[in-house]
Amino acid sequence: MALRPTPINPSQTPTGPTPTLPHDHLLALPRSLLPLLAGVGLAAGLHFYVGPAVGPFYAKLLIDIGIGILLANSLNLVNGLTGQFSIGHAGFMAVGGYTAAAITYYGSMRLWGSPAVHGGFLGSGELLFAGSCIAGGLVAAVAGFIVGLPSLRLRGDYLAIVTLGFGEIIRVLLQQTGDVLLTADQVRETPWWVLPTKAGGALGFTGLPYYTSLFWVYFFVTVVLIVSLRLKHSSLGRAFLSIREDEIAAEAMGIPTTRLKVTAFMLAAFFAGIGGGLFAHEIGVTLNPQDLGFQKSFDIVVMVVLGGMGSISGVTLAGGLLTVLPEILRSLADPAVAGLAAIFPISPQTQDELRQVIGSNFRMILYALALIVMMIGRPQGLFGLHEIWDFRWPGRRRSRLSARGAP
Amino acid sequence: MPKFVQTLVDGLSVGSLYALIALGYTMVYGILKFINFAHSDIFVLGAWISLAAAVGAGWSTTGQFLPVPTWLWVSLCGLTGVALLMTAAQRLIARFVHAEPDRLTAQVASAGGCHPSPRAPARGPSVLTGAVRGFLGWRGARTLTMASLAAWLPLLLYHAAGAVRAAAGPELSAAPGGVPICAAGLLSALLVLLCAVSLVGWVGFGIERLAYRPLRTAPRLNVLITAIGVSLLLQNVGQLQWVFGTQPRRMPSLLPDVTLARLAGVNIHLVDVIATGTAVILMLLLERLVFHTRVGRAMRAVSFDTRIAALMGVAVDRVISFTFVLGSSLAAAAGFLYAMKYPGLNQSAHMTWLLLGLKAFVAAVVGGIGNIRGAMLGGFLIGLIELFGAAYLSPQLRDVYVFSLLIAVLLLRPSGILGRVAVEKV
Amino acid sequence: MSPLLEIDNLSLSFGGLKAVVDFTLRLHPGDLQGLIGPNGAGKTTVFNLLTGVYQPQRGEIRLEGRRLNGLKPHQIAAAGIARTFQSSRLFSNLSVLDNVRVACHLRTTRGLAAVMARLASQVAEERLIRRWCEELLEIFGLANRRDQLARNLPFGYRRRLEMARALATQPKVLLLDEPAAGMNPQEKLALRELIRRVRQQFKVTILLIEHDMGVVMDICEQITVLDHGQTIAVGTPQQVQRDPRVIEAYLGAPAELPGEARV
Numbered sequence: 001m002a003l004r005p006t007p008i009n010p011s012q013t014p015t016g017p018t019p020t021l022p023h024d025h026l027l028a029l030p031r032s033l034l035p036l037l038a039g040v041g042l043a044a045g046l047h048f049y050v051g052p053a054v055g056p057f058y059a060k061l062l063i064d065i066g067i068g069i070l071l072a073n074s075l076n077l078v079n080g081l082t083g084q085f086s087i088g089h090a091g092f093m094a095v096g097g098y099t100a101a102a103i104t105y106y107g108s109m110r111l112w113g114s115p116a117v118h119g120g121f122l123g124s125g126e127l128l129f130a131g132s133c134i135a136g137g138l139v140a141a142v143a144g145f146i147v148g149l150p151s152l153r154l155r156g157d158y159l160a161i162v163t164l165g166f167g168e169i170i171r172v173l174l175q176q177t178g179d180v181l182l183t184a185d186q187v188r189e190t191p192w193w194v195l196p197t198k199a200g201g202a203l204g205f206t207g208l209p210y211y212t213s214l215f216w217v218y219f220f221v222t223v224v225l226i227v228s229l230r231l232k233h234s235s236l237g238r239a240f241l242s243i244r245e246d247e248i249a250a251e252a253m254g255i256p257t258t259r260l261k262v263t264a265f266m267l268a269a270f271f272a273g274i275g276g277g278l279f280a281h282e283i284g285v286t287l288n289p290q291d292l293g294f295q296k297s298f299d300i301v302v303m304v305v306l307g308g309m310g311s312i313s314g315v316t317l318a319g320g321l322l323t324v325l326p327e328i329l330r331s332l333a334d335p336a337v338a339g340l341a342a343i344f345p346i347s348p349q350t351q352d353e354l355r356q357v358i359g360s361n362f363r364m365i366l367y368a369l370a371l372i373v374m375m376i377g378r379p380q381g382l383f384g385l386h387e388i389w390d391f392r393w394p395g396r397r398r399s400r401l402s403a404r405g406a407p
Numbered sequence: 001m002p003k004f005v006q007t008l009v010d011g012l013s014v015g016s017l018y019a020l021i022a023l024g025y026t027m028v029y030g031i032l033k034f035i036n037f038a039h040s041d042i043f044v045l046g047a048w049i050s051l052a053a054a055v056g057a058g059w060s061t062t063g064q065f066l067p068v069p070t071w072l073w074v075s076l077c078g079l080t081g082v083a084l085l086m087t088a089a090q091r092l093i094a095r096f097v098h099a100e101p102d103r104l105t106a107q108v109a110s111a112g113g114c115h116p117s118p119r120a121p122a123r124g125p126s127v128l129t130g131a132v133r134g135f136l137g138w139r140g141a142r143t144l145t146m147a148s149l150a151a152w153l154p155l156l157l158y159h160a161a162g163a164v165r166a167a168a169g170p171e172l173s174a175a176p177g178g179v180p181i182c183a184a185g186l187l188s189a190l191l192v193l194l195c196a197v198s199l200v201g202w203v204g205f206g207i208e209r210l211a212y213r214p215l216r217t218a219p220r221l222n223v224l225i226t227a228i229g230v231s232l233l234l235q236n237v238g239q240l241q242w243v244f245g246t247q248p249r250r251m252p253s254l255l256p257d258v259t260l261a262r263l264a265g266v267n268i269h270l271v272d273v274i275a276t277g278t279a280v281i282l283m284l285l286l287e288r289l290v291f292h293t294r295v296g297r298a299m300r301a302v303s304f305d306t307r308i309a310a311l312m313g314v315a316v317d318r319v320i321s322f323t324f325v326l327g328s329s330l331a332a333a334a335g336f337l338y339a340m341k342y343p344g345l346n347q348s349a350h351m352t353w354l355l356l357g358l359k360a361f362v363a364a365v366v367g368g369i370g371n372i373r374g375a376m377l378g379g380f381l382i383g384l385i386e387l388f389g390a391a392y393l394s395p396q397l398r399d400v401y402v403f404s405l406l407i408a409v410l411l412l413r414p415s416g417i418l419g420r421v422a423v424e425k426v
Numbered sequence: 001m002s003p004l005l006e007i008d009n010l011s012l013s014f015g016g017l018k019a020v021v022d023f024t025l026r027l028h029p030g031d032l033q034g035l036i037g038p039n040g041a042g043k044t045t046v047f048n049l050l051t052g053v054y055q056p057q058r059g060e061i062r063l064e065g066r067r068l069n070g071l072k073p074h075q076i077a078a079a080g081i082a083r084t085f086q087s088s089r090l091f092s093n094l095s096v097l098d099n100v101r102v103a104c105h106l107r108t109t110r111g112l113a114a115v116m117a118r119l120a121s122q123v124a125e126e127r128l129i130r131r132w133c134e135e136l137l138e139i140f141g142l143a144n145r146r147d148q149l150a151r152n153l154p155f156g157y158r159r160r161l162e163m164a165r166a167l168a169t170q171p172k173v174l175l176l177d178e179p180a181a182g183m184n185p186q187e188k189l190a191l192r193e194l195i196r197r198v199r200q201q202f203k204v205t206i207l208l209i210e211h212d213m214g215v216v217m218d219i220c221e222q223i224t225v226l227d228h229g230q231t232i233a234v235g236t237p238q239q240v241q242r243d244p245r246v247i248e249a250y251l252g253a254p255a256e257l258p259g260e261a262r263v
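Protein chains in written order, with my numbering: chain A, 1 to 407; chain B, 1 to 426; chain C, 1 to 263.
Hint data in this document are derived by calculation from the structure and do not stem from the laboratory.
It should be emphasised that the depicted structure is a prediction, and the values quoted were computed from it without experimental measurement.
A virtual CB, placed ideally from N, CA and C, is assigned to each residue, including glycine.
Mixed in with the good hints, there may be bad ones.
[As the list claims (entries may be wrong)] Now the in silico label distances, taken between C-beta atoms and shown as ranges:
hint, chain 1, residue 1, chain 2, residue 2, range
1, C, D147, A, P22, 25 to 33 Å
2, C, Q55, B, L153, 50 to 58 Å
3, B, R213, A, L154, 54 to 62 Å
4, A, R378, B, I93, 33 to 41 Å
5, A, G55, B, Q64, 23 to 31 Å
6, A, L154, B, L153, 39 to 47 Å
7, A, L149, B, A183, 42 to 50 Å
8, B, A315, C, D22, 31 to 39 Å
9, C, L17, B, L411, 38 to 46 Å
Given only the sequences and the hints, what does the whole structure look like? Please build it.
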């Protein structure tokens, strides 16, 4: 039984008549699309100028950073804005990634007879890829609905376990899939609904075309940032925040808490699915279920927690930083060990071990210690609920959540 | 028929282990109202420490007893000596010099109308001074004494295990057809178990003290995140070269490989009986502790309402620490028993451990989280469902059965089978 | 005048404890009624039943003829019943302005798509919400604390913010749960004025729970007295003050000494 709300009516107070809301016309649309166009321009700039200039290694790093930012912001919608604790986010990545992979791979086979990269920038191949990523996001959103609707009615701790379990179930199911079909004829003979079950199982979905480029990654990053910022500074965003603060009071003030929690969940899953699609088609990545397990989920959770749950700039910063952290640690390993060896007497064997530890395991130990210390010392993370532009910079009046508009 | 009985036996066996781990989850949830994600890693730690202790005590193929290094004994003696000295000094100071009461005593005294000693400072000390003073004062003495006692117990047990094992003779492990039945061997195995349990119990105590106690009043979400942090820490420290390494290791068999009986065409091994039997005995002991002793009553009081329990004179902090130690000890015992039954141990960050922990958690939820009998029931239920599903439906989907059960329970009866429905007061 | 809110035979028990038994009330538009009773009488439970936090086991709630049984709290808020809480439940990390703006959300018509595309109508609606909420804050004297975080508000202002927030939902019925709790006599005088003014300016019907008899007797037109879930008296403040059952509920029955006949 839905109740249609009556529109805002300031004539309840003794001032002014009831204004009506203006009609939206198409001509006004370009103004709201402006930030998106700016982002597209930035993405194109990165793709055509910065990418070739810094070389393939750093280009891939930039791509990884972009995907990290995308994932961190997607989880921020649920963990940060709405205050729910979801720790199986990589499961949505997997759903989206595999959907996108199946569409690109088998779609290419059907359309052009081979799964190789087809066409150039914004060619039919790339459009198929972009479409498949979005389709992956939509399927992930449906998964978010299926997982979210029952579990978001429950207490916070339970949601964590259910999302973790969901991630594991997805992993197990994906590991049961059959071998990837290799020839176009095989693909033509198989009915289309059987194709998604041929995803490579535990060995992974091999042979995917490498469509992920700086342009597409930062295009989707722009979208998620615009959506997040506009959402946070809107009435809907405040409704999400109220659920995070006090669910019972929010419900009493007319906020449909369960419905909004599921909405946030689906939105987050959508972007995670796109992130999965981008991840699947990245150079140097073979999409397999193990890579998208709880380890990845924790990585994303750490990004959101350290960045400040609810702060878009915070999680963006944290997402970028934590993506490059393994590289930093790896490059720091040698000089760090050399430095230590200069002070303490360490045998060469121990030096090797130290080098290896700093390069690999240490990252997770660092994460873990950072999480614990953060929670005890500064639980709001880097920025808390504020954005980086909300702080009192020298010479700038301090503004707050309510005063700041959205792009 | 034999398949049914075999599955039943395996299901009960695995289920008893799930139950032991689930008890830890449920006890911590009962008193602190949060899910201790790090609990399954305590279980893993128990298994690996059992391995390390067993190998060190002489159960490896070489039969060599690796004694505790001298420097460890010396430092431990030194630590204990310092602790005793500090305690003695504090007693002397308190007796002959009118010392400044510590802050809490001063507050309580002034609340009761008494005035603190004239030498009490007008302003509180800085954090650093306070820490140093605290360390040199009663608190420091007490901490050091407890720490040294904590360190002695596992070391002595380890040493005893090695000595007993050596008395049984080096050929024990190398005997053909598995380890023969031998009293010294069994005793040594028991000592290994106790050593692992005591050490891991103290790890649990340390975790609660350092990571969870500062967050006693924080929102639940923060504690959950900290628990994940602790879990990751345990996993990855365990994977370091100097700790347990990244390679799977095999737990030496401490028990004779004897078939005790043959029931409906199925061999019942000694290992199964001992594992299940020990688990059941521990559960019965816990039941007796929680429901028929004063300590148990204190635990239950804290689980109902922490503040009121404190007002009634229950030492809440101590009860909580005790609960953690208890839960961790049970998990460590489960780890030892698991290593007995499935000797191939994977490295500590491996997927299998996470799944085991999750399934034990599902057992706690299904039985009714916060309810001890529920955890026991849930453990056996999950074990049976998993193994019967694997045997009669599809072995690859064994995890899916358990998680589907979780979802079903959460949808239909979130408080679990034996749980109470909690109503939040608005 | 037909009643705005009709409550008939509302009943709820928690296990064996009968929290509310056969609660019946009629609220007419513009009424200012009080609900009093000793601690544990079931007053807040009645509020929780009215706002959908608990579902009644028996009885009916009708707002302007529409049956409200079984609706969720947010649906009841949309229908026009708003409340404040006994223990203040403000959104601590949001600013004062945002606290009030949250309560406007249920009257918005622009959905997720409009937000993401930042349509002109959505921007206009945001401006409208902001203006309306700033007016509300003016009325409640919170305008200069607009950007302060709710958790930093001094106590006296918190109550006002709670009321402002509830009124932002544009309710027909306002349920106030112990609005005078923790206030000094001066603040209570101001509160009485505020409640009267709110009723007149916002044209809401008010039902309030209160322990302070000064406040209740002064402003309420009709009082219902609860004890152990049962309604023991209904009437004007003067009638209720003199009712022997009410006196007994609050002060206890006169003690009976052995050998003495009861007067």
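To see whether the hints hold, each was checked on the structure:
Distance hint check: the CB atoms of C/D147 and A/P22 are about 28 Å apart, consistent with the given range 25 to 33 Å. Between C/Q55 and B/L153, the C-beta spacing of about 55 Å keeps the proposed range 50 to 58 Å intact. The hint said 54 to 62 Å for the Cβ distance between B/R213 and A/L154, and at roughly 27 Å that hint is violated. Between A/R378 and B/I93 the Cβ separation comes to about 38 Å, which falls inside the hinted range of 33 to 41 Å.
For A/G55 paired with B/Q64, a C-beta distance near 54 Å fails the hint of 23 to 31 Å. For A/L154 and B/L153, the Cβ-Cβ distance of about 41 Å falls inside the hinted range of 39 to 47 Å, so the restraint holds. Roughly 60 Å separates the CB atoms of A/L149 and B/A183, a value that falls outside the hinted 42 to 50 Å. The supplied range of 31 to 39 Å is broken by B/A315 and C/D22, whose beta-carbon atoms lie about 47 Å from each other.
Range check, C/L17 to B/L411: Cβ separation about 29 Å, and the 38 to 46 Å hint is violated.
Comparing the model with each earlier hint shows violations of hints 3, 5, 7, 8, 9; every other hint is respected.
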